[in-house]
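Engineer: Taking the hints into account, I'd like the entire structure generated from these sequences.
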Amino acid sequence: MKAHLSRRYHFSASHRLHTETYDEAQNRAVFGKCNNPYGHGHNYTVQVTVSGQVDPATGMVCNLADLDGFARTNLLDRFDHTNLNTLECFRDKVSTTENLSIEIYRIFQSFTAAHLEGVHVEETSNNSFDYAGSATPAGGTI
Amino acid sequence: MIFLTRKAEFSSAHFYWNTAWSEEENQRVFGKCANRNGHGHNYTLEVTVAGEVDATSGFVVDLKELKDILEREVVSVYDHRHLNLEVPEFKDRIPTTENIAIAIWQRLDKKIPHAKLHRVRIYEMPDLFADYYGER
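Chains C and L, in that order, are what the protein sequence lines are.
Quick note on numbering: this note's numbering labels position 66 of the first sequence as 60, and the sequence is numbered without any gaps.
Quick note on numbering: this note's numbering labels position 114 of the second sequence as 1238, and the sequence is numbered without any gaps.
Hints may be right or wrong, so weigh each one.
One-sided excerpt, in silico: chain C residues whose CB lies under 8 Å from chain L [said to hold, decoys possible]: (1) Ala(-3); (2) His(-2); (3) Ser0; (4) Val55.
Some residues of chain C that are not near chain L, with every Cβ distance over 10 Å (derived) [unchecked claim]: (5) Ser8; (6) Ala19; (7) Val24; (8) Lys27; (9) Thr43; (10) Thr52; (11) Asn57; (12) Arg66.
Calculated cross-link-like contacts (lysine-lysine; reagent style DSBU-like; alpha-carbon spacing at most 35 Å) [what the hints assert, rightly or not]: (13) L:Lys1188 - C:Lys(-4); (14) C:Lys27 - L:Lys1235; (15) L:Lys1215 - C:Lys(-4); (16) L:Lys1234 - C:Lys27.
Calculated from the structure, these hints are not laboratory results.
Ideal Cβ placement from N, Cα and C applies to all residues, glycine included.
Structural biologist: Structure follows, in structure tokens:
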């Protein structure tokens, strides 16, 4: 039987929304306080959903220890307590949570023990973003 | 079509163990979850049903009735129990979060009048949950 498993991870990072495409005034107009020159930070929550047949031997879609180990190495060790703008993946992209969600989805596509359904990234308790590649995100509640 | 979700909570003990495996294999795969003395969680269950809004009552399903069904079919059986030792479906199924979601679906399927069971979501902890949509 096919089930979905979701796991939430937490990291803290700083960033600044800014693009060289715009001049200073445009950056200010578009990004507002998120464009403040020295950056600011968030406690991010990443919710990863994978799916697959439940293995009768283990009762699991995939071993949680494997998913946690993957997240530790490929997500938390790379992003936690960093400035997102300094990371290679944001060299040419604004470090919005939309772009962060797409990058995190790309990262978890390399987790091969289960099918990646999508990622849900909360920047604050009031805003969150879903990305499921070409599929429609399942959403937080339905 | 509208979706309605009702929550319930229960607290249970469990451990992970495959009787076909050696002790070493169980320890390797399940880690601390294989402690035979068990451990426990506060589980949060979210049951989502789908249906049309009744023109007279304004309900998809009577919430009190849904609450009573969850209490009768799930909470009264699982709460303050050892899932491996006291709940029949886990005699031969490991009570992982995935299997608990499937078992609760099987307990609730076709028991909810006027609405279709859409999703069973079970939180083992705030940072870990499983969803089952009745898929084979």
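Engineer: Does each hint hold? Answer for all of them.
Structural biologist: Here's how the hints hold up against the structure:
1. Ala(-3): Because about 4 Å separates Ala(-3) of chain C from the closest Cβ in chain L, which is inside the 8 Å limit, the hint holds.
2. His(-2): holds (4 Å)
3. Ser0: Given a least distance of 5 Å, the restraint on Ser0 of chain C holds.
4. Val55: OK, holds: Val55 of chain C within 8 Å of chain L, min 6 Å.
5. Ser8: Non-interface label stands for Ser8 of chain C: nearest chain L Cβ at 23 Å, farther than 10 Å.
6. Ala19: holds (42 Å)
7. Val24: Given that every Cβ of chain L is farther than 10 Å from that of Val24 of chain C, nearest at about 34 Å, it holds.
8. Lys27: Its Cβ never comes within 10 Å of chain L, the nearest being 30 Å, so this holds.
9. Thr43: Check fails; 8 Å does not lie beyond 10 Å.
10. Thr52: violated (6 Å)
11. Asn57: Violated, since 7 Å does not exceed 10 Å.
12. Arg66: Non-interface label on Arg66 of chain C holds, nearest chain L Cβ at 14 Å vs cutoff 10 Å.
13. L:Lys1188 - C:Lys(-4): Since the Cα atoms of Lys1188 of chain L and Lys(-4) of chain C sit roughly 30 Å apart, the hinted pair holds (cutoff 35 Å).
14. C:Lys27 - L:Lys1235: violated (52 Å)
15. L:Lys1215 - C:Lys(-4): Since the Cα atoms of Lys1215 of chain L and Lys(-4) of chain C sit roughly 21 Å apart, the hinted pair holds (cutoff 35 Å).
16. L:Lys1234 - C:Lys27: With a Cα-Cα distance of about 52 Å, the restraint between Lys1234 of chain L and Lys27 of chain C is violated, given a limit of 35 Å.
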